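Student: Note that the protein sequences, when read in sequence, are chains A and B.
Per full-length UniProt numbering, the first sequence runs over residues 1 to 414.
Per full-length UniProt numbering, the second sequence runs over residues 1 to 308.
These are computed hints drawn from the structure, not numbers from a lab.
Computed from a predicted model, the values in this text were never measured in an experiment.
Virtual Cβ for every residue (Gly too), placed ideally from N, Cα, C.
A few of these clues could be false.
[What the hints assert, rightly or not] Straight-line alpha carbon distances no greater than 25 Å define the calculated PhoX-like cross-link-like pairs of lysine-lysine that follow:
1. Lys-131(A) / Lys-74(A)
2. Lys-238(A) / Lys-205(A)
3. Lys-201(A) / Lys-283(B)
4. Lys-205(A) / Lys-181(A)
5. Lys-235(A) / Lys-283(B)
[What the hints assert, rightly or not] Selected chain B positions facing chain A (in silico; Cβ < 10 Å):
6. Glu-9
7. Ser-12
8. Met-145
9. Tyr-148
10. Asn-159
11. Ser-278
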Amino acid sequence: MVTDSRKHTPGPSRRLLKSLAGLTAGLAMSAFGVAQEVNTTGLAVTEDTVKVGILHSVTGTMAISETGSVQAEKLAIEQINASGGVLGRQIEYIQEDGASDWPTFAEKSRKLLRQDNVAAVFGCWTSASRKAVLPVFEQYNGMLYYPTFYEGLEQSPNVIYTGQEATQQILAGIDWVVDAKDAKTFYLLGSDYIWPRTSNKIARKHIDKLGLKVVGEEYYPLGHTQFNSVINKIKLRKPDVIFASVVGGSNVAFYKQLKAAGIDMTEESPLVLTISVTEDEILGIGGENVEGAYASMKYFQSLPNENNQAFVKAFKERWGDDIVIGDVTQAAYLGPWLWKAAVEKAGSFDVDKVREASPGIELTTAPEGYVKIHPNHHLWSKTRIGRAKVDGQYEIVYETDELIEPDPFPEGYQ
Amino acid sequence: MFSDYSSAELMSIFAMQGFAGLTLFSVFVLMALGLAIIFGQMGVINMAHGEFMILGAYITYLTSNLFSQWIPDWYGSYFFVAMALAFLAAALLGMLVEWLMIRHLYHRPLDTLLATWGLSLILQQSYRSIFGAREVGVTMPDWMMGSYPITDLVEVPINGLFVMCLSLGITLVVAALMYRSRWGIQVRAVVQNRPMAGAVGINTQKVDRMTFALGCGIAGIAGSAFTMIGSTGPTSGQLYIVDTFLVVVFGGAASLLGTVASAFTISQAQSTMEFFLSGSMAKVLTLLFVVGILMVRPQGLFSLKVRR
Numbered sequence: 001m002v003t004d005s006r007k008h009t010p011g012p013s014r015r016l017l018k019s020l021a022g023l024t025a026g027l028a029m030s031a032f033g034v035a036q037e038v039n040t041t042g043l044a045v046t047e048d049t050v051k052v053g054i055l056h057s058v059t060g061t062m063a064i065s066e067t068g069s070v071q072a073e074k075l076a077i078e079q080i081n082a083s084g085g086v087l088g089r090q091i092e093y094i095q096e097d098g099a100s101d102w103p104t105f106a107e108k109s110r111k112l113l114r115q116d117n118v119a120a121v122f123g124c125w126t127s128a129s130r131k132a133v134l135p136v137f138e139q140y141n142g143m144l145y146y147p148t149f150y151e152g153l154e155q156s157p158n159v160i161y162t163g164q165e166a167t168q169q170i171l172a173g174i175d176w177v178v179d180a181k182d183a184k185t186f187y188l189l190g191s192d193y194i195w196p197r198t199s200n201k202i203a204r205k206h207i208d209k210l211g212l213k214v215v216g217e218e219y220y221p222l223g224h225t226q227f228n229s230v231i232n233k234i235k236l237r238k239p240d241v242i243f244a245s246v247v248g249g250s251n252v253a254f255y256k257q258l259k260a261a262g263i264d265m266t267e268e269s270p271l272v273l274t275i276s277v278t279e280d281e282i283l284g285i286g287g288e289n290v291e292g293a294y295a296s297m298k299y300f301q302s303l304p305n306e307n308n309q310a311f312v313k314a315f316k317e318r319w320g321d322d323i324v325i326g327d328v329t330q331a332a333y334l335g336p337w338l339w340k341a342a343v344e345k346a347g348s349f350d351v352d353k354v355r356e357a358s359p360g361i362e363l364t365t366a367p368e369g370y371v372k373i374h375p376n377h378h379l380w381s382k383t384r385i386g387r388a389k390v391d392g393q394y395e396i397v398y399e400t401d402e403l404i405e406p407d408p409f410p411e412g413y414q
Numbered sequence: 001m002f003s004d005y006s007s008a009e010l011m012s013i014f015a016m017q018g019f020a021g022l023t024l025f026s027v028f029v030l031m032a033l034g035l036a037i038i039f040g041q042m043g044v045i046n047m048a049h050g051e052f053m054i055l056g057a058y059i060t061y062l063t064s065n066l067f068s069q070w071i072p073d074w075y076g077s078y079f080f081v082a083m084a085l086a087f088l089a090a091a092l093l094g095m096l097v098e099w100l101m102i103r104h105l106y107h108r109p110l111d112t113l114l115a116t117w118g119l120s121l122i123l124q125q126s127y128r129s130i131f132g133a134r135e136v137g138v139t140m141p142d143w144m145m146g147s148y149p150i151t152d153l154v155e156v157p158i159n160g161l162f163v164m165c166l167s168l169g170i171t172l173v174v175a176a177l178m179y180r181s182r183w184g185i186q187v188r189a190v191v192q193n194r195p196m197a198g199a200v201g202i203n204t205q206k207v208d209r210m211t212f213a214l215g216c217g218i219a220g221i222a223g224s225a226f227t228m229i230g231s232t233g234p235t236s237g238q239l240y241i242v243d244t245f246l247v248v249v250f251g252g253a254a255s256l257l258g259t260v261a262s263a264f265t266i267s268q269a270q271s272t273m274e275f276f277l278s279g280s281m282a283k284v285l286t287l288l289f290v291v292g293i294l295m296v297r298p299q300g301l302f303s304l305k306v307r308r
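Construct the entire structure; sequences and hints are all you get.
Tutor: Right, dumping it as structure tokens:
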């Protein structure tokens, strides 16, 4: 249900100005022999450059997570420029800092769309920041490429979601532990906000549907550092699987305390299946504390294919050898490439045309393998299960055979 | 809520939760001691307390890297060196801050709140520039990992025990310093009557500086210890600051004994409730309980008897 965006009908004076501007631009362009239909919507596009926005937190509590996304997006833009740009134009980016503050995100996105007239924005990380900028993007008809795996239950004509939505990540993960590890009982644990709660709701429905049992469900405030009580409960109820969606710094405390309490994840009793610990988080947790845990995601740095090897090499060359690449970083890298493909298919930077061209866009060069944009603006993708190793990397133990169709509004799971 | 468990299980639960509560208690004491000295004795509202802790954590991280790089054979003992360095670094920074900023604000306690809050932002940004925005992992020495099994269910984590011993030791040292040493007498004299203390020949400026440095140094040690159980990032200090003030205010600002008592009450209440209710609910009830007590006793659990 991709609805058409709200278009403003410009008043007579604006229309006149616009056509005048169009006329001069057109004259200038035809003098250089450049196709003039490219610049149609007052975006910041000249004969040889096009401006896009990067909008992430580089200060505040989310900076830890969003740094990787910024690096990935810049790398993609540099690579696109090196290979000739988009429609013959070099991409210039304007970076804004959302400062981990949702109103700031909204304000900065308004600035990028209204003042800088960027053709697309790559950005946001938390669901809260995405929800804050959504009305702005819909009002000014901008295009946002959003990289984080998230809870679903959303679809906007102005957003392309390059991370997985909840069903892709969770259902495949749970099916795997049930099939491969014969799991019967689950303990759901998460940080107390929308993403873990929605994810666990979907997980619980799915577990119920399979006829298995949830023996506990618990949420702790963001930033919580004392997990002794819940670990004691877990020991008492002896679940087969701890399904964890703890985020941020809390992860460090959780896994350190789990290990200290004598739960050795390499022995798999109970087994830990996380949907929130990427290679980035392991840097903080320490490989020795999380060794043996399983993660359900679409991308791991250790993925053995040529696309990924080239990507990892380029990323390390650009940003340093000791850097690690997690799921969201890869999804952020896809953004500029997907946008470029859509722009080239549309033959225009015009947001409406880019949107129309987007469904069906494929990327065979994606580090995660092959992805395709679904008409619901999410990506078809595979889900993989990785097992954390002591060196902080994941060993991939399973991947789905087929691409999983994104389903942001799963029936019966809402 | 008890009916889900057998009586043997309930015994284990209380044993386990009691121990979890004791660990939490030690953590609270470590966090709050430094603040109790600075806030309680000097009346300075130090919003940058969390950042002093994180300084200790980063020093521990650096020390652990240094040891694993240069003297891996001695890795098991790096933690003690790290704690000493953390204390020194935080205390020195504390002295500097006192000299540059705090000493000009002694008569304006609310301004210290703003100034130290600004300081906390500056420190956070410095950490981010130096160590990067990502969290850093501090590897624990092997002997600190794992736990002693007591029964099938009850296991005692070694790092929990270590934190307990540490906070016990530090509390005793601080108590001895405050109530058994000449310096402690000077501190208390300055707190109670600054002009009179100066008149009898106590160098009040020096006492102030040393007291502030001691409080910050203890925060550094706490941060060092917390690398075992929590995260180390530029903003991690913020996670602790609310709990820390809660403990100090509830205990009665000027009393060390009050700080210990309040840490014990809050941690045990929270730990027990966490098991039978959800984590967020336990927090809410704990806060309500503290607010309730403070309404009846605004000065906190323990207070100095001072003639007003």
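Student: Broken hints, numbered, in rising order?
Tutor: none
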